[in-house]
Every structure is written in structure tokens, then in C-alpha cells.
Amino acid sequence: MGLEAIRLGGVEKSFGAVHALAGVDLRVAAGECLGLVGHNGAGKSTLMHILAGTLSPDKGEILLGGRQHETNWSVNVARANGIRCVFQELSLCPNLTVAENVRIVHGNLQGFGWKKRSHDLACAKLDEIFPGHGINANDAISDLAIGKRQMAEIARAFTVTDIPLRLVILDEPTSSLDAVTAQQLLAFVRTQVAKGTSVILISHLLGDILGTCDRIVVMKDGKAIAERPAKGFDRQSLVAAMGTDLTEKKSTVAKSAEAKSAAPIAVRAKPKTADQSGELIAHQGEIIGLAGLSGHGQTRMLLQIYAKAEVEVTAPLAFIAGDRQSDGIFNLWSIAENVTVRSLRALKKHGLISSDAEDGLAAEWKKRMGIRTPDIHNNILTLSGGNQQKALFARALGSEAKIILMDDPMRGVDIGTKLEVYEMIAQEARAGRTFIWYTTEMEELQYCDRAYVFRNGAISATLSREDLTEEKILHASFAESSAA
Amino acid sequence: MSRSLLRSLLPIISLMVVLGATFYVQPRTMSYFGLNLMLQYAVPIALATIAQMFVITVNDLDLSIGPFVGLVGCISATLLYTNPLFGTLVLLLCIAAYAAVGALIHSRNLPSIVVTLGLSFVWVGIAVLILPSPGGKAPDWLKSIMGLQTPLVPLPIIAAIVIGLLVQLALMHSSLGVIARGAGGNPRAMERAGWSMLKTKSIMYALAGFFGLLSGLSLLGLTTSADAHVADRYTLYSIAGVILGGGEFIGGRVSPLGAVIGALTLALAGSFLIFLKISPDWQIGAQGAILILVLALKAPLTTRDVSQ
Amino acid sequence: MINLWNRLRREPWIWSFLAAIGVWLATVAYTGGQGAGEILTAALSFATFSIIVGLGQMMVITTGPGNVDLSIPASITLSGVVAMKVMDTDSARLLLGIGAALGVSFLVGVFNYGLIRLLRIPPIIATLSSSFLVLSTAISYGRGIRIKPPIPLDTFATTRLFGIPLAAMLVAVLSVILAIVIKRTVYGRAVLAIGQNPRAAWLAGINVNQTRFMTYVLSALLAGVCGILLSGFSGGAALNMGEDFLLASIAVVVIGGTSVAGGRASVPGIWGAALFMYLLVTMLNIFGASAGVRLIMTGTIIIAVIVLASGEARPK
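Residue numbers (our numbering), protein chains in the order written: chain G, 1 to 484; chain Z, 1001 to 1308; chain D, 2001 to 2316.
Worth flagging that the hints you see were computed from the coordinates, not collected in a lab. Glycine is no exception: its CB is placed at the ideal position from the N, C-alpha and C atoms. There could be a bad hint or two in this list.
Stated by the list, open to error - Straight-line distance between alpha carbons at most 27 Å, and here's what the computed BS3-like set of lysine-lysine pairs gives:
(1) Z:1199 - G:115
(2) G:418 - G:402
(3) D:2183 - G:348
Stated by the list, open to error - One-sided and incomplete, this derived list gives chain G residues near chain D with beta-carbon spacing under 7 Å:
(4) 315
(5) 319
(6) 330
(7) 341
(8) 342
(9) 344
(10) 352
My request is simple: use the sequences and hints to build the entire structure.
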């Protein structure tokens, strides 16, 4: 093995209009623990998927130990070269046992006695990484709690039969682990690294990163913007590196804060966490932001409110999806049908939906939202991503809903569309509608009267308009360490 | 008591309940002859249930197994009887067809319900072409195998248990069985781990075809003459048997032994209903009621994966 | 003309109608033009029954993958038996019989959905198990002398106006109503939305459970209508009267161009597919093909249609 485990050069990857990676160089030395940090949309996961072979880059090269792998990089090739990964979406088979899941990643665990070998391999590795783990390798995954599942998957990634481990990617590996097991894992990473395996660690727990990694790379907006030995960073400088250099932007949208908080309460909700702390309150006409790293409970909060599960809600609700494909768009329908689906009852005449009323509503909102299409009767997929998102906005705003829940709807939308929509939101709020807006983009929070920062499913900070700075948000998003 | 333990005990408990109830109502069945009579069709039903189980393992459903069993009987009672070599070839071709269907379903992402529905028409059509009305002759070797008199315990019970144990061993304890079940549990993860889901599905369908073949042969050995429609009911029996045995439609959770026990339970339930002097009109209904009852009991035990 | 053709070409149901016409032409060519009209009328007569249940099955299938109603044959039988028994050949009790049959069908639909929702049984098994119970109910209630339908019902079911059966006209009216329901009512839109994306439908404010419930009830009711008409047509209810309709109901939906993935329903397609299937049977009979050939052809066509309709290969 050369001094270099793996190197990525000039990697680019786009999903439609979204540039997930805009030319990234990354190198990992043998026997090194590399930390990868960054806020939402930095491109960390995309980069790791390309490394693991589950995504193919639009441009760029992958070099192993100095040798170039041309275009045939794939999951199989990556694995054959000793690259393993543990992503946030667990890839265990829930109906199989821990030992059987180990067998799956080792083609040579077959023939007579495979069960014992697999079982012993699983147990040995679990004992090595998580002493006192209490996991029975003959338990089915579906019978294990989420923390133990993560332990099983991590242990599996480190098992070796014939192919030596070159690189193990750990993407938020401690997200479901408790303090003790998390520390066990980090300690194990150090010992493994000393034996010559490389590890890439992605985590929002900056203390863990600083304590475990040899070198840290900071990513932002699809680029690697900073790289230093871990000793060269501390928590402050890491957070600073992730933020922008620009001075704080004050909101340009005029608002009268006092009048807002005097308005009646539209929503009152508590996130379902263990300690029941933290409360979300939205007054009529307010724009409330939900911030923090993605996947920390913001969407769950929105869904909880939408389902009216243990929340106080005083007006009809509407939901604007961020994941258009799975939560929003009806692929077979026209633009008009997609826009009017929430308002059908109001469009009835003599018991049937009036096509005139329907077209009228669709046309009105096409104009107000500025949806660019020659014909609202065209299929929804003829619209660009941004315009599809506008259609989803039109669906919610065109209905009688007074409280609008937004699940990071501007994700991957072009800047032009974004600005148009922001203006619309501000306008509607002035007219009395309440918005609860989960967003992964800092700039959008400037439109909010108040923001709740989520961390690990709970509200970690409540920031009023004056306190809404990027720095404060970052601090509240990133916990100190898993031992905290 | 863990959920999985309860899940695996349910089929045995159901069987014991039905068995006990039958003995209570008609004590004369508690004999070698009685059991043999009640369970005589257990073997073909169990084999068909295992066939269905293979397909359910990979998250599909086979609505054509019943007609396939009938077709095998028709082929065997005619071609196999008159021309063993050619007959064997045709039967093997049928298994290959099953594998091809599995490959088609996977590669084009087709709904297995509709495809196997169409397939069932094809099987019946071919069977009716070969044997427009019941007839044909079962090969002698088949009749003698199925007519074996085993000491103490009737053949159907022994055979069913042996079949169940063998498949249990293969599917639940072999390294390849893990791959098959993994294909039902998380096919995408399996693909990413380097296992071809196309190959896996085709093999599972081929196994279904093979066991359907065995089912048809054993049924013919019992009835001695073939009928294209004799096993139409086996489709529903096989699905019910798998579910009664603790299997689930999605997720790769199946139990071969449970499936066999489920099949036995269903076969027994039929006789039980006769002894209960339930009017023949209600026998079908009672089977439906039993199915619903067992599923209702299973409802709280159904695996609900804790997906946050 | 070209424009019209281009527009028609994109409709999912056009192929079943073309196939039906093609088969009819082939038959007529074979017979040298003899009995062309009678063939069509006969096909229409028989196809009517498949169309009624096909419409119900179409709605169920449209609510999304995994949804299918296997209790249709049993519902047909029960409805026919109840109708005949209640009417008891008395024309004065005609409406009472119809009401009773539809009432019973309604209960079947409710029962089906109860199994699916409360016991969380997959629709296939739920409707299957319930079909056993429903069929047994029909068998036990209907045992005895075969009761003839009252004259008005018999007449209605068998009369033809200019070669078109009255029953077919009724079903045509039902079809138009259903088409309007699908396109122009909140319920219809809800079905289409749920079939495309149940989660998005929920997030768009649609009551998914209520819509599914209404759909299973609708399917059962349509099966009930079929049972009543079929009894009138065949001179009474028979205990096996529903047998052929299980596979037929699914086949006409698939061949008619309704997407099995849900979210898109095609009422004209049901007509085209039903006509095609009966004309095909007629053609094969006239050609002298045996029952086996007919079955093989039906099965192959179903598979071919689903393969072609599914278009894309497995996404990676």
C-alpha cells in the first residue's frame, strides 16, 4: 500500500440544476482519520456516495494508491478494494440476524460451518469495538433497538475475511448511539487507524471530530474550502470556517415585530422528545423558521403539527413539500390539477367540480406565482423544478389554509424563483397567514420573525429576529460532542 | 415471550387446536386410518405451499400455482406415462418457464399479481389442450410412492414433516438461503453488497416451479388420474398456508416448517368442518372465517419495523 | 384527420377498441360477412356483465398498487341469490329485491374494508377470505329451487333495441356517470391522487381512508348490480354464476389501459377490453379453436399488455 489510500480529483456532480459537487479534490492517507464537516448542502454525503461507488461523478477521477481507476468505478470495485461504508440509511436486512447480515457482505462465508464463522466474526468485532454491547448475534435486526442496529452495522463494516480494509466511511455513525458506545467507537477508530486502515468520519459533533481525526476538511456548497490538521482547528474556528465571510445581512423585508407578537396564537406545539422541553409558538401573520442540520426533527415537527397530534392549532393547515417527488407532485396530472387539488371543495358548482372555476383558480395563481408555462393544462413534469415548486406553493396558498407548513421547499430551486417566492411569502404573511418554515439555507432565515434551531429532535435554541445570525445558528446546530 | 417466538408458535398452536377439536368431535379419527384419511392430500398441498413460499420470500405473489399443479398432473398422466423422456423434458421446460417469468417480473418491474394471473390462464389452457376432460393414467412408480404404508405414523404426516424440515434447513440455515431471504428484506442493500437480484428472483421462481412440479406429481399419485382443474383451489390454500405459518407478504419473513404446518392445518380444518356437521354450504365460508381469525390474531404480532 | 388520429393514439383505451374491431373484422371475413351484426350484439350482451364489475375493479386498482377486489364473484352470487329470493318472481317486489341485493352488497364492501383497515390484512387476502364467507352465505341462503326472475327484470335483461341490449344501455349510462365522478367529483380526484401518491395525497388534504372505504363499497355495489342483471339474463341465480368474473374483471382493467400502478383510470378502456375479449372468444369459437387455445391466448394477451404498458425497465 502506498502512502495514499485513496484520492479524488476534480469531482463534479449535479442533480439537474443543483450543483452538489463543484470540483472537489480529496485525498486520504493510509492510516489516517479524516474528518469531514459542513452545513446542509455542503456535498459531504454526495462525495461519500461517489467514493463508495453508489453514485457516479459527472467529472473527476478516483485514484487508488496512486493508480488510476478509469470509468469502471462501481460498488463492487470499491468493495473489492477494501472500501466499506456506513451511511445514515441503514443497509441491514431487518428480517435477518446480525450474523446473517455479516454473511451478506462476505461472499466467501459459505459452505459447511458458515454459520459459526459468521457468528464468531460478528461477535468478535462487536466485542472489539463495543465491549459490553449485549447484542446477541442471533437476534433479528428488526428485534433490535435503533442504537444496537447501528452498532451492528458499524461492526459489520469493520469485519474482514479475505479483503483487507483500506478505507471505512462513517457518516454520522453516532447519531443513534448513547454516550458510552459513541466513545467506544471513537476510541476504536483510533486503534484501527493506527493499524493502517483509513477512516473518513462525518459528524456534526465537532468535539468528536476534533478529538478523533488527524486532519479535517471543511466543505461548503459543493467545494472543499478549508483543510488543516485537526490540531489547527478549534470549535470556534471550525464553525467560523463553515460560515460565510460576508458581514451579517440584515433583513430587507420591512416588518413590525411588536404588532406580530400581539396577534393571536396560531400554533403551539412541543416536539416529542424525551424531556418534553422546548415549545414552538407561532402568532398569526408570523413567519417562523425551523433551522439546524437536516434530519434533526424539523420535518417531524411539521408533520406532527399537520397531523394535529398533541398540538394547538387554530386555523386550517396546508403543507408544502420539499421532496417534490415523494410528498408533493402528482406525476400524471396537469399543472392545473396539481394546483387545485387542495381547493376542490370550494370549486364545486351543483355538486360537481366546475372546470371554469378550476381553470380560473389555476390561472390566477399561475399569474401570482409567476409559473412559467404556455398552458396550465400541460403535464406537471413539463415544468422546471423551480416552477414545480411554485405550483406546490400555489396549491397551498390558493386554498383556504391559514397556516402554511413548509418542508424546506426551496431546496434545489434556482435563485430567481426563490426571490419571487420569498416576496410572495412576505406578502401573504402581511395579509395574515402564518408560515412555519423549515429551511436548510441560512439566507432564508432572514425573512423569519423568529427561528427555532433543532438539534437531535429537540429545540436547542430560540432566536428572535435580532439574534438571527449565522454564527448563532451554527453554534446551536452543532453539539459539543457525543459525550455531552 | 418475544414477538418472534410467539410468531413461530402460532402455527403449531393453530394446528393443535384444530387437531384437538377434531378428535373431540370425532374420536374415531384418532387412529392411523383416520389421520391418514384426513390428511391424505397434505403432501401435495404442503408442496404447493412451499412453492408459494419461495415466491413470497422475494416479496411477490404467485396466483398461478394451482393451475400449474393441475397442468403437471395432466402432462404426467399423458406424456410422462407414454413417453417418460419427452415427458420429463416438458416438465423441466415448465420449471424453466417459471424462472423466465421471475426474470421478466424483476427486470421490467412488473406487478407479480397481474403477470401470474395471466400465467394461470396459460397453464389452464395448456392443461385443457392436453386433457380436455379428466383422464390419463398415473405412472405406476408414482402410485407406489404415494401409496407407501409407513408404520405408526401415516405417510402424509411423515412426508410433510420431512419436506418442511429439508426446506427449513435449506432456506433458514444455509448461506444461500440467507441471500434469498435478504432479497426479500432489503433488495437494494443486497444489490449494493454485490448480489444479483435478477439471479436470485429467477432461482426462487424456479424453485417454486420445481415444488409445484412435485406437488402435481404427488397429487397425481394419489388421484391416479388427472384433471386440469383439480388443483385450482391450491392457489388460495398455498397463500393461506404461508400466512398461517407465520409468513408475511413483504419483508422476506417466511417459515418453511410453519408453512407446512399451516397447510396441514388447512387440510385438517376441511375435515374438521365435515365432522362438525357444518352444512357443506358453509365449509368454504368457515375456511374463510378461520383465515380471518388467524390473521386477526396475528395483527398485533405483525412486524412493524421501527422506522423513525 | 391526421390530427385526430394523433390525439386518439395517445389515449390508453384506443388499442383495446382497435383490437376489438380487428378481431371482429377477422371473424366477419372468415364467415364471409354472415352474422356480422349478430356477433356484435351477442358480444355486447355478454360483455355488459364484465364491464359492470370491471368498472368496480378499475376503481379499486386505481387506488394504488396492492389494491384488488377478489370478492367480486362472491358478491355477484350473493346479490343474485338475495334478489331472486326477495323478489320471488313477483313484479311488485322488484324494487324491494333490488334494494335488498344492493344493501347486502353494501355490507360486503364495508366488511371488506373493515378487514383491510382494522385487521390490517392486505387487500388480496382480505377480499379473498371475505369472498369465502360471502359465497357460503349465498350458497346456504340460495339452496333450493331455482327461482325465476320477475317478468320485468327478465324482459329488461334480455330485450334489445335495434340490436343493442337494454342492459348495455344501462351500463353505458352507469359508465358515463362513473366517468363524470372520476373527473368531476372530489371523490374521483381523491382516488386518482391516492393512486399516484398516497403520502402526497394526505399532505394535500385528502382523506385517504375514507376514499379507500368508498371505493371498496363502490366495487361491491357494482358487483351487486351485476348479480341482479345476470340473474335476470340467465333466468335465475346459480351458485356458480360469479365464477368467470374474477379473472375477467382484472383482465378488462389491465387490457383496457388502466394503470396497475394506480392513479389513472380509463372507463372507455373497460368497454374496449370487454368487447375485445368476447369478440376474441367468438372468433376462436368460429375458427374452431378449442377452449384451451382461448385460455392460452387470454393469458398471453394479459401478460403482453402489462409488459408493454409497464414500459420502463427496473430503475437502478
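Mind listing which of the numbered hints don't hold for this structure, in increasing order? 4
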